[in-house]
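Residue-level listing of the chains:
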Amino acid sequence: MSNKLINWFRFASPQAFYPLAGRMIPWFWALAAVFGIAGLYVGFLVAPTDAQQGEGYRIIFLHVPASWMSMFIYLVMAFWAGLGLAFNFRLSGMMATALAPTGALFTFLSLWTGALWGKPMWGTWWVWDARLTSELILLFLYVGFIALQSAIDDPRRADKAGAILALVGVVNIPIIYFSVKWWNTLHQGSSVSLTKSPSMAMTMLLGMLLCALACWMYAIAVALMRVRTIMLERERHTEWVREELGMKAKEQ
Amino acid sequence: MLEVSNLECVRGERRLFAGVGFRLDAGEMLYLQGANGSGKTSLLRMLCSLSPAQEGEIRWRGESIGKLGEDYRRELCHLGHHNAIKEELTPLENLRTSARLADEALDEGTALDALEQLGLAGREDLPCRYLSQGQKRRVALARLVNERRALWVLDEPYVALDSSAIERVAGLIGAHLQRGGLAVLTTHQAVAVAAGKVRELVLAPDGQA
Amino acid sequence: MQLASTLNPAQDIQPLPLSLPIPHSSFLTDPMYWNSFSEFLAMGTHGIYVWGSVGVMVLLMVLEPVLLVRGQKSLVARLKRQFRAEKTDRSTQSRR
Amino acid sequence: MLKLVRAIISRDLRLAMRRRADIVSALFFFIIVVSLFPLGVGPEPELLRKLAPGVLWVAALLATMLSLPRLFADDHRDGTLEQLALAPQPLGLIVLGKVLAHWLVSGLPLALLAPVLGLQFDLSTDALWVLTCSLLIGTPALSGIGAIGAALTLGVRGGGVLLSLLVLPLYIPVLIFGAGAVDATVTGLGAQAHLSLLGALTLAGVFFAPWPTAAALRIALE
Chain P
32 MSNKLINWFR
42 FASPQAFYPL
52 AGRMIPWFWA
62 LAAVFGIAGL
72 YVGFLVAPTD
82 AQQGEGYRII
92 FLHVPASWMS
102 MFIYLVMAFW
112 AGLGLAFNFR
122 LSGMMATALA
132 PTGALFTFLS
142 LWTGALWGKP
152 MWGTWWVWDA
162 RLTSELILLF
172 LYVGFIALQS
182 AIDDPRRADK
192 AGAILALVGV
202 VNIPIIYFSV
212 KWWNTLHQGS
222 SVSLTKSPSM
232 AMTMLLGMLL
242 CALACWMYAI
252 AVALMRVRTI
262 MLERERHTEW
272 VREELGMKAK
282 EQ
Chain X
77 MLEVSNLECV
87 RGERRLFAGV
97 GFRLDAGEML
107 YLQGANGSGK
117 TSLLRMLCSL
127 SPAQEGEIRW
137 RGESIGKLGE
147 DYRRELCHLG
157 HHNAIKEELT
167 PLENLRTSAR
177 LADEALDEGT
187 ALDALEQLGL
197 AGREDLPCRY
207 LSQGQKRRVA
217 LARLVNERRA
227 LWVLDEPYVA
237 LDSSAIERVA
247 GLIGAHLQRG
257 GLAVLTTHQA
267 VAVAAGKVRE
277 LVLAPDGQA
Chain E
11 MQLASTLNPA
21 QDIQPLPLSL
31 PIPHSSFLTD
41 PMYWNSFSEF
51 LAMGTHGIYV
61 WGSVGVMVLL
71 MVLEPVLLVR
81 GQKSLVARLK
91 RQFRAEKTDR
101 STQSRR
Chain D
806 MLKLVRAIIS
816 RDLRLAMRRR
826 ADIVSALFFF
836 IIVVSLFPLG
846 VGPEPELLRK
856 LAPGVLWVAA
866 LLATMLSLPR
876 LFADDHRDGT
886 LEQLALAPQP
896 LGLIVLGKVL
906 AHWLVSGLPL
916 ALLAPVLGLQ
926 FDLSTDALWV
936 LTCSLLIGTP
946 ALSGIGAIGA
956 ALTLGVRGGG
966 VLLSLLVLPL
976 YIPVLIFGAG
986 AVDATVTGLG
996 AQAHLSLLGA
1006 LTLAGVFFAP
1016 WPTAAALRIA
1026 LE
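Chains as they are written, first to last, in the numbering used here: chain P, 32 to 283; chain X, 77 to 285; chain E, 11 to 106; chain D, 806 to 1027.
There's no promise every hint is true.
Unchecked claim - No more than 30 Å apart at the CA atoms, straight line, and that leaves these computed lysine-lysine pairs for DSBU-like:
1. 855/D <-> 143/X
2. 855/D <-> 212/P
3. 212/X <-> 855/D
4. 143/X <-> 273/X
5. 808/D <-> 150/P
6. 97/E <-> 83/E
7. 212/P <-> 150/P
Read the hints as simulated data drawn from the structure, not as lab findings.
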């Protein structure tokens, strides 16, 4: 099986992937916009109010997709990193590097919207809820990954070191979440926690799914854009980069 | 029997060498030459499976060294630019610990006379911190006296040594070749090794072997 | 499908007759929930929090691609300058 | 197999004994940090008793962090790390030996010193006893997980700060269960669950962590 996989990936060498990504990016932007507008429309205009939390609960349409994406992107990053480590494809290392900043962005947004949601509901900006605390730790993992990769000059070594950190991180996330949950219930009891979000009326669920899809398309589009920049940077000594840019120079 | 084919090395963005290949049989020594920065050390590190080769194949007794892994390392002895000795330990302790870590028995007697052979008599119990650069290099080379592993990869063994020490080391390598061992050696001082067939490989600066 | 939850006592919005559409077309047939734009802005005393989070999210999700595009442009410019410099070196070398 | 681990441990211990200054400095760091808290927080025994487990555990964490870079840096600088990588045994075993040696030099003294410092915080005797047990059980995990960070940041500029950024998130479960154990005994809950979970983390830290560490070392040596 592995050699079938390898020559399939051989096709996705940076040289072949660069123009392909270029063509896909507008499509993902379009999808992100469509899902985004639909999600916000359902979430903010159509969905009815909530009995206990009033209008403030609408932040859920931003907070939950951001949290999902922050976790999902870390898993995808670890997948690409692991693949890069196992078969040392240059492309998958670049993909992991390209995903990290967007993952960190979504984690920050999840914390930001979580705090703004917490203030009207429980009166405090920060609640030591198990999920919010795990998001904070996830942010540290992202920042650690980005800092490690930027501290190492040789791109190949940076990819491999980042891959090991991402894989170790992905193994530790459930342990961290479990220990934080245990610590949270021990000290505070589960009186205050996000799990008691409002019961899912159909429109609310739909709004959230649409927003999540929008974030997902956005993440892919941004990751592809960043991976193209990384490719140009890392492959600048190859012929095909010269052609890519050379062609543009002749057109001007 | 060591066989290398179509080896290539890229360091940073520069291609140091490509298409390097050679064959080394028992009792033979490869004398690797090239200007500074032509990739000699990188080639040696690839031979020791320390750094992976982007292109090309290195085979030991017909098997790729990647697959052999520990078995290949059991028959390999590498001496790089660094002396690989601990400054706080004495030469005797250094010798015995490196032997223990390489899974080889070395009692005190043989260790002491190995150090003596390298002209370190009387300094066996002095922490290496107080030794001169040449003496530290001799402590590192003292390992070769009792070394029975088949393939020696030595990166400029003669550096910082005086003429008598160079002669002794050359003798050690000669004895190793006579025992049917192989050696890959880089040096800037042209030193004749007593026995065995000497092959030469010159790494040209622009990367063509 | 669960009926719209009870009236929020603070405002006197009369309960909207929510038709029971089949789930997949719900967001087409559900009428607009708000009566006026100002009420929409106020978000029932939670306006600052809702628009605070929406604003930052939208801002960051616009800022990131903009920074990326600018980064790519400056990289391309730098590489082109490099290639041009190398081309002139090679040509001067061959002429010498 | 075991002979190699013993050889590594004896070598590292002999090296550490030759350079005691580093061990003593880490211990004094631990003592100073722990003694600073009462000065910062105030002398009321009630408050101190509540703070004690967290303070002692965080101080132990930071003290271990202080001595982590040296785990591989010296060997990397003088070339012995290369020889270790070329040893005919799996590199993971050698890392295991080094992690245990590091624990004997840093984690163990901290744990033995903790009850003395615990007196400053007016802890009851059984709380002191559980605190020492939790430190004894937990500190090997700190060395094991920390070794991953030390290997990843080997030879990287700004390594020290980067190491703490990489490793602290991974230390959180150990901190929670470690400090939680003492808290549980003080509130009468019984620390059995915490200590067993801490033991599980330590087993994972000491027996699973060396393999990614070995991979990171191989990359650093490329």
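Structure-based check of each hint:
no. : hint            : result
1   : 855/D <-> 143/X : violated (57 Å)
2   : 855/D <-> 212/P : holds (21 Å)
3   : 212/X <-> 855/D : violated (55 Å)
4   : 143/X <-> 273/X : holds (29 Å)
5   : 808/D <-> 150/P : violated (60 Å)
6   : 97/E <-> 83/E   : holds (21 Å)
7   : 212/P <-> 150/P : holds (21 Å)
Of the numbered hints given earlier, the model fails hints 1, 3, 5; all others are met.
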